[in-house]
Structure formats: C-alpha cells, structure tokens
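Engineer: Take a look at the letters that make up each chain.
Number of protein chains: 2
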Amino acid sequence: MSLLVVGSIAFDSVKTPFGEVEEVLGGSATYFSTSASYFTEVAVVAVVGSDFPEKYLRFLKSRRIDIDGIERSEGKTFRWKGEYGYDLNEAHTLDTQLNVFQSFRPKIPEKYKDKKVVFLANIDPDLQRDVLHQVNDPVLVACDTMNYWIEGKRDSLLETLKLVDILIINDSEARELAKEPNLVRAAKKILSYGPNTLVVKRGEYGAIMFRDDRIFAAPAYPLESVFDPTGAGDCFAGGFVGYLANTMNFEESNLRKAIIFGSVMASYNVEAFSLERIKSLDYSEIEERYREFKRLTHFEDLT
Amino acid sequence: MSLLVVGSIAFDSVKTPFGEVEEVLGGSATYFSTSASYFTEVAVVAVVGSDFPEKYLRFLKSRRIDIDGIERSEGKTFRWKGEYGYDLNEAHTLDTQLNVFQSFRPKIPEKYKDKKVVFLANIDPDLQRDVLHQVNDPVLVACDTMNYWIEGKRDSLLETLKLVDILIINDSEARELAKEPNLVRAAKKILSYGPNTLVVKRGEYGAIMFRDDRIFAAPAYPLESVFDPTGAGDCFAGGFVGYLANTMNFEESNLRKAIIFGSVMASYNVEAFSLERIKSLDYSEIEERYREFKRLTHFEDLT
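Residue numbers (numbering that gives the first Met the number 0), protein chains in the order written: chain A, 0 to 302; chain B, 0 to 302.
The reader is advised that the hints may include incorrect statements.
A pair holds if it fits inside one copy or across any two, identical chains being indistinguishable in the list.
As the list claims (entries may be wrong) - List time: in silico EDC-like cross-link candidates among lysine to aspartate or glutamate, alpha-carbon distance up to 20 Å:
hint: 1; residue 1: K293; residue 2: E251
hint: 2; residue 1: K187; residue 2: E270
hint: 3; residue 1: K110; residue 2: E89
hint: 4; residue 1: K187; residue 2: E223
hint: 5; residue 1: K187; residue 2: E158
hint: 6; residue 1: K14; residue 2: E251
hint: 7; residue 1: K293; residue 2: D212
hint: 8; residue 1: K187; residue 2: E291
hint: 9; residue 1: K188; residue 2: E223
hint: 10; residue 1: K54; residue 2: E275
hint: 11; residue 1: K106; residue 2: D123
hint: 12; residue 1: K178; residue 2: D281
hint: 13; residue 1: K178; residue 2: D86
hint: 14; residue 1: K60; residue 2: E175
hint: 15; residue 1: K178; residue 2: E223
hint: 16; residue 1: K278; residue 2: E179
hint: 17; residue 1: K293; residue 2: D211
hint: 18; residue 1: K106; residue 2: E70
hint: 19; residue 1: K178; residue 2: D154
Note that these hints are calculated values from the structure, not bench results.
Isolated chain A (complex conformation) (with noise of 0.2 Å):
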C-alpha cells in the first residue's frame, strides 16, 4: 500500500558543535518521505519555490517518490536557520523564512485522494482538516504537531485530532498539549481527544508509545557522534509510518516494530548532515540495526 503525506520542503542552514551547513536540502515532507521510501511508495504534497533545483526533485524520484503532488510557485523556497549547542536535544531556531510555504493551500491530486495511509507532517491542523477533507477513506491518519500551533491554534488542533489514529509528537509538545506535567497522565488525556496511540519522541532517550494502558517503550540507539538532529523527528515518523504502510497491520506487536525502525532511521539520520546519511541506505543496514536494537534491549524473563 502506499504512503501520502503532507509537509514542508526547504532549505536548512544548521550549525552544530560539529560543523556548518549553509542551505541544504531539508523539510518534513523530505525527510519523512526519503526515509518511508526503504519501506513504501510514497507520494509528496508540498510546495517549493522557483529558486528550487531540479536536482533535488530528481533525488527524491531517485527513492521512487512521487513528486507529482510538489507544486512549484513563483517566489523562494522555505528557508530555516537553526543552532544546536551540546544538548543536541533542542534547536535553537535563528531565523525562519517562510516564502511561497506561506499561502500553501494542499492541493491532492486526484490519484493520491484514494491513498489508504496519510501522514500530516507539522503544519497548520486548518490545513491538516482541509487534506483530510480531500481524500477519500484512508484507513490510517498519523499527524505531528508542534508548540506553535498548541499555543496559537489549540482549538483548531483539537479538532483535527478527532480526526486522526497516531499523533506522534515530542515530550515537551506532549506536556503541553495535556496541561500535564507527568507523561503518563498527559498520554491518558491526549487519547481522550480523538488518537487511538500517541508516540512520543525523545530524542536521545527515545520513544514511547502510549495505547489504552498498553505503554511499549524503546531507547534511541547509541552514537557516538551525532553530528545533526534536524529532521530526526520526522525520520523516525517515516519509518515508523512506512512499515504499517508496507505490512498494513495495526497490531500492537506491529507497531511496536513500526517504532523500532522508525528509530532506526532516526539513527542513522542523525549521522550527518541534510539527507546525506540516509540518502543511500542498504536495507540491509536497517535490518542490521534493528538487531542491534534487539541486542541493546533484550533482557531474560524470570524463570
């Protein structure tokens, strides 16, 4: 089956404790759809600019993405500067450029409307009502959020969230959304707006999936150097919502693999700058990993 989502696509300027990069290749929809590509077919509704190159459609086709649904308008493209310190946990955004991102309006092209699996990266919950109002029947709706539209659009958001199966958002995101401190009690109320799993990411530490009382919890993989978190989040989303795109099975033991490759993704994502790592995997390497993580996690039953 295949995989539809909705997000950004722009260029990043990050600095982090180990390196530069000046306007490379990054937005949600890029980095979850390159890393959902070793799972699924996928195709993209986003928006670029007339400043956007060729080459970079090109990559996305290479990983047998549809770009149909990448509208080009007149303008810049979407551009993000951001800085991470030790804590590569958080970013510290420096400055955010919109551009033709702006007055982007999704758009689904006919052959996407009957896509049975749609992703709804982070943007306006309005916009991400007004693409679930545009396809047909999809059996599985997953949507990330952010603080910004908690904070500025929380009545919006709530409704799109009854709308939708798994919201995968972050610790901090989480809290907030809830009004609650303590997570376990946050994911209680979140489910209670309409998701029936909340994933949520923990950058160093993590995920953690929350569904009725059935917690499953997975450590990020040890690097030893992590050069840039940008795009992890949305890494792990596509891995994660790849697999039940690939396997459409919603089982709990499903999902629970569904979050161990996303995490791999995440991992390797998080390697290099941009796309660079993740650009040319082996499937064999994420296979490989996922072993490791069973290696990093597995402990005796009592006997």
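Got chain A sorted already, so can you dock chain B onto it with the hints?
Structural biologist: Chain B in isolation, oriented as in the chain A frame:
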C-alpha cells in the same frame, strides 16, 4: 553471599509538587540497604547522631539488615533539605547540615571484612579508598559519586576508580567525569579509568549500562504518580547490587537482569515519600513489576 554498604543515614526534608515532609528517614545507606534487603543480606557502615530514634534502627533490623556497623556519635544526625519542581529529575538542595557525618571515618567491623560484595555510596573518595583498604578481598566493588567530588576531589576519585568494578552514576555526572558531552564517548573514557562496567542512571528515562562495546538500555517504569524521587538512585543501586550479591553471577545476561531489578526498586521508591513504599514490599510485587518491564520493552525479532 552478603553485601557491605558504606554511606549516609540522614533526616530529609523534602518538598515536591505533590506534598511535603519534614525530617523523615533518608540517606544513601538507608535507601540502598532497604532496597538490597529484598535480595540478600546487607551489612551497613554509617554514622548517626545522638538524636537518632531507636525505631529506625529497629526498622532496618526488621529487614534483616545488619546494623552493628552503624556508629552512634555525640551530636546531630546528617540533615538534608531539598525541593523538586515539576521536572522531578533534578533536586534543588536548600540546606545541608553534615553534623556527625562531617567527621565520619568508616570503621569496618571485623566480621564485615570478608564480605565479597561492597557498595561504596556517595561519600568522599578518600573514605571510599579507606574502606577498600580495610576489607580483605571483595569479588565485586561498586560505587557511586557526585559532581561535588568530581569537581573538588578529581584526583582522589580517579584513584578510587582504579579499585572499582562497577561505577553507578547519573547522566550529568558521567559527562562531567569524562569531560565529554557525548554519553557513548564519555562511557568509553570512564571505562578506561578502571571500572569494567558503567551504569548511567537517567531518571525518568531509565538506565544504560556500558561494558566494553556492549550496551544495554532499560527504560524507567512509566508512573502516573511520582511523589518523591529522593533515594531513587540508591534504591536502583540496592536492587542492582543486591541481586548480583545474591546470585554472584557477573555475566552480561545476569547484569542485565540486575539492571531491571534495580529499575523495579527505584520505580516503587518514587511512589511515596521517604521509604514508605519500599519498606514493606512483597517479593511477588517485585517479580510482577519485573514482568511488566518485559511487557514494556518487548518487540519481535525480524523474521
């Protein structure tokens, strides 16, 4: 096999967002030995003042803890006062009165000198070494320390670490000890100082163990109500070292089980102030939570 712990006994005054207690039983040796007592016999070397009530000694004895090494000095018992915000990972110390602990020089009773497992709680590294000079031939030495000694007595601490098998510290201590922000690199450096095993406690994110190139990551048990994190690290160490002292099996797979038992004890401890929750557990409750850790972390192998 039985276990020797050298550490502090204190009166704690603690404020958390969920309540407040005044001068309740605390201290590293108290938490450690109570937790370890569910797994093995424990002997304690510590000091209390003339104000220390008999009932607390009777409590420790009721847990089959050997208290003959607890010295009673003229003066007041060590007092600590601290506060936690909603971020329960970090204590803010409001007041420390060392009192009789100021001049504590551990004297290991003759009958303890052949103990095979020794835990050096967080005390002056000079004293930690002094303890090791008094015991005969321990098979396993584990120890804790804190930023105060890492900053103030680094050379002495490094001398102690040469004599230690397992170092059990928290995230920020590991980074500071190694002067290295990346935890995997920090661990490698610390293992080069002497210990063959490093266990890093990460509060609500669990624990991670490093040995040669093997890493084991365990989450913390997700709790809806964390009342008071005081003593969680010592309860973790008590369960971890207590289980190892009971089994005397130091293979990787058994160390991993020990990490889970430590995590179980820490998770019970934070459910109430002081030792209220861990003072009277059933062993079946410990085993049940161990099984819950398995359910919390299990995912399928690749087929």
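Engineer: Let me make sure I understand: some of the numbered hints might not hold for this structure. Which ones are they, in numerical order?
Structural biologist: 3, 6, 12, 14 and 16
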